[in-house]
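**Student:** The listed protein sequences derive, respectively, from chains A and B. Heads up, the first sequence is in our numbering, so the first residue is 1 and it goes up one at a time. Heads up, the second sequence is in our numbering, so the first residue is 1 and it goes up one at a time.
If you're looking for bench data, these hints aren't it; they were derived computationally from the structure. Note that this is a predicted model, so its numbers are computed, not measured. Every residue, glycine too, gets a C-beta built ideally from N, C-alpha and C. A couple of the hints might just be wrong.
[Said to hold, decoys possible] Below, a list of computed lysine to aspartate or glutamate pairs in the EDC-like style, where the Cα atoms sit at most 20 Å apart: (1) A:Lys212 <-> B:Asp286; (2) B:Lys50 <-> A:Glu126; (3) A:Lys86 <-> A:Glu37; (4) B:Lys253 <-> B:Asp179; (5) B:Lys253 <-> A:Glu226; (6) A:Lys212 <-> A:Glu226; (7) A:Lys257 <-> A:Asp2; (8) A:Lys86 <-> B:Asp179.
[Said to hold, decoys possible] Counterexamples of contact, computed for chain B against chain A with all Cβ distances above 10 Å: (9) Ser21; (10) Thr285; (11) His330.
[Stated by the list, open to error] Have a look at the derived ranges for each label pair, beta carbon to beta carbon: (12) B:Gln206 <-> A:Val40: 37 to 43 Å; (13) B:Ile4 <-> A:Arg262: 47 to 53 Å; (14) A:Glu222 <-> B:Gln206: 39 to 45 Å; (15) A:Glu271 <-> B:Ser170: 26 to 32 Å; (16) A:Glu229 <-> B:Val281: 46 to 52 Å.
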Amino acid sequence: MDRILFGDNQFFGINHMSEDKARQQMMQFAELPAILETLVAARDAGINAFMCTTHDRISEIADAVRAAPQEWPDFQFYPCMPYAHKYANAVTDLGYLGTVRKFLPSQGLFDSALRGGKALMTRDVEGIATLLIDAEMKPFHGLKTPIVFVQNVITDMLLGLGYADAFKIFADHIRTRYDAEPGFITMNLPMLLPMLASVGIHNPIVCANVNKSGFRMSGGIEAYREATERWPARVIAMSVLASGAIPAAEAIEWVVKEPYVRSILFGASSERNIRNTVGLIERFDAMDMMAA
Amino acid sequence: MENIRNIAVIGLGKMGISHLSIANATPGMKVVAICDSSAMIGGMIGKYVKVPFFADYADVLAVPGLDGVIIATPTRHHDTMIRRALASGVHVFCEKPLTLSARISAELAQIAFDQNLAAQVGYHNRFVGTFAEVKRLVDSGTIGKIRHVHADAYGPVVLKPAAKTWRSKSTEGGGCLYDYAAHPINLMNWYVGKPIFCSGAQLTKQWSEDVDDAIYANLMFAGGVSGQVSVNWADETIRKMTTSLTLWGDGGKICVDRQEIRVYIGDKGTVSAGYRPKWTVRNITDLTPHPAFYLRGEEYSAQLEGFVGAMNDPSSSYVNTFASGAETDHTLALIRDGADSLNQPIVPVAVAAAKRPKSTMFARAFGY
Chain A
1 MDRILFGDNQ FFGINHMSED KARQQMMQFA ELPAILETLV AARDAGINAF MCTTHDRISE
61 IADAVRAAPQ EWPDFQFYPC MPYAHKYANA VTDLGYLGTV RKFLPSQGLF DSALRGGKAL
121 MTRDVEGIAT LLIDAEMKPF HGLKTPIVFV QNVITDMLLG LGYADAFKIF ADHIRTRYDA
181 EPGFITMNLP MLLPMLASVG IHNPIVCANV NKSGFRMSGG IEAYREATER WPARVIAMSV
241 LASGAIPAAE AIEWVVKEPY VRSILFGASS ERNIRNTVGL IERFDAMDMM AA
Chain B
1 MENIRNIAVI GLGKMGISHL SIANATPGMK VVAICDSSAM IGGMIGKYVK VPFFADYADV
61 LAVPGLDGVI IATPTRHHDT MIRRALASGV HVFCEKPLTL SARISAELAQ IAFDQNLAAQ
121 VGYHNRFVGT FAEVKRLVDS GTIGKIRHVH ADAYGPVVLK PAAKTWRSKS TEGGGCLYDY
181 AAHPINLMNW YVGKPIFCSG AQLTKQWSED VDDAIYANLM FAGGVSGQVS VNWADETIRK
241 MTTSLTLWGD GGKICVDRQE IRVYIGDKGT VSAGYRPKWT VRNITDLTPH PAFYLRGEEY
301 SAQLEGFVGA MNDPSSSYVN TFASGAETDH TLALIRDGAD SLNQPIVPVA VAAAKRPKST
361 MFARAFGY
């Protein structure tokens, strides 16, 4: 897993701090070339891992990268699924069964008809879930996807429900079908780690908010330290700047010292900000190594 | 030993599942039953979540040791379900809007009060750090006497002719007014109270057949506070629902949305800790208390933690009492009725057929 990962919130108008900023970014990235230009800037700054939601627009990006393999030789996608909005809206309109039908692959594949039909009859969640995973993975066909994540809204919903087997279904399917590692995004890391361990998922890849102000770190910073001490995990820190609430240098100096943080995920909409952030991570990493 | 409250979740739609997950992880409560009209959905969830499923609400209320219900069913069922729960001595948390009648909502609030039972309605915005901070600022007089409050909400809910569900039927509490505008209006009620009258209400349709897709209305509150509401759920320019309010006072102005508050404190305002004269901007990141569990937003956990507190002491002053929900139902009805009176079919005036009144002495004297 790379040390620095690039995120996609800025491309889709997601900003936890300001709706104005979110709107500006949505306008900036209305067209695909603007997104690609930013990805090129990230790649040129040495970032080769793009952690992205399975948003409707992600297939445009995947197509562009697939079309020019010589330009993106080491580029990897870390898909995060599902893009929950489309399912949530569909559930409101169509109900649960209607939603499952809408998103199941419709090409009449024998496999999906069998798995899907049988699943609906027997209330077999595993059958339906693996089909939906395959549908979400379709845009990435032929691209490198070494880690595949479950979005936090699903991870945390399953966590709250106490449905631990679902994590195992996901992990097994990602390993066997995609030869990739499963990853879990969560806002509740201290609660998630023991549940993953309970279904045999050890030293998991977990992406969670890790920031100096403890923003959206359920249980608090200390609970994150204790949990990772007890249940080791490869943690990807996100929201390191708490959406800009913490000055960048201060935020990164703090996060590189958190012993459980393996990688840092950040998003930025300008080449300057990308270079600044990468520079800060490299500088504080070097200082941290010297101190050690 | 901590007093753990036994809870049942009624209705397993999108909100119901979300409540079930959060309730399961909220300290002080334990989910002991789930209920839904679909045995298939209920059976499936019950199987994986390992909580007993009941198809019949009466059986849920008969579960020994049940303390409270979380009701997340279509609005038209709220009234009877709440009554039956309260009659069984069970605390109630109910999704918004409370009922389709302000009178019934007020009556339910009274029953809960008389029985000393917690009765909370799910207007989760009151648990969002920014909106709650504005309540504190308004009550402490930071911007002096409030003169006007403007409330907006926009989002991409209905962008094409929609499938028929209970949300597309006005008689069941569907429509932009009851489903969407209820949120900003509820915040208005929190800040400046219950309106006295409504004028210029427009409920317009864009894609929906039976319900409104946008509402615009002017409200007048006690004490001369004026208000305006502008809500549209057919706005595709927004990624997801955005709710924002602006309050003008003698001593300044407050603009607030889910992410940030911008406060202007003028000469006649009162500067308190964390603020300075003129503009101060504060963000959700430093106004968010950390719940024990996070799903979709701190506010959803915070409101259930609030429900635990309300159950433990129903006579305490907790946020989102049924009485406050009734204020919002009253406001929604004012707007709905105001728009109805404007939307009466226009009867063309039959000019040709009209007879000239006979000219009387009186008429001649007064010129007609």
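**Student:** So, for every hint listed, does it hold in this structure?
**Tutor:** Against the structure, the hints:
1. A:Lys212 <-> B:Asp286: 12 Å, holds
2. B:Lys50 <-> A:Glu126: Distance of about 16 Å is within 20 Å: holds.
3. A:Lys86 <-> A:Glu37: Distance ~27 Å between Lys86 of chain A and Glu37 of chain A Cα, so the pair is violated.
4. B:Lys253 <-> B:Asp179: With a Cα-Cα distance of about 28 Å, the restraint between Lys253 of chain B and Asp179 of chain B is violated, given a limit of 20 Å.
5. B:Lys253 <-> A:Glu226: Violated - the C-alpha atoms of Glu226 of chain A and Lys253 of chain B are around 44 Å apart, more than 20 Å.
6. A:Lys212 <-> A:Glu226: Within the cut-off at roughly 16 Å; holds.
7. A:Lys257 <-> A:Asp2: Judged against 20 Å, a Cα distance of about 17 Å means the pair holds.
8. A:Lys86 <-> B:Asp179: 19 Å, holds
9. Ser21: 3 Å, violated
10. Thr285: 4 Å, violated
11. His330: 27 Å, holds
12. B:Gln206 <-> A:Val40: 37 to 43 Å: 40 Å, holds
13. B:Ile4 <-> A:Arg262: 47 to 53 Å: Roughly 37 Å apart at Cβ, these two residues miss the hinted range, so it is violated.
14. A:Glu222 <-> B:Gln206: 39 to 45 Å: Since the Cβ atoms of Glu222 of chain A and Gln206 of chain B sit about 51 Å apart, the hinted range of 39 to 45 Å is violated.
15. A:Glu271 <-> B:Ser170: 26 to 32 Å: 51 Å, violated
16. A:Glu229 <-> B:Val281: 46 to 52 Å: 38 Å, violated
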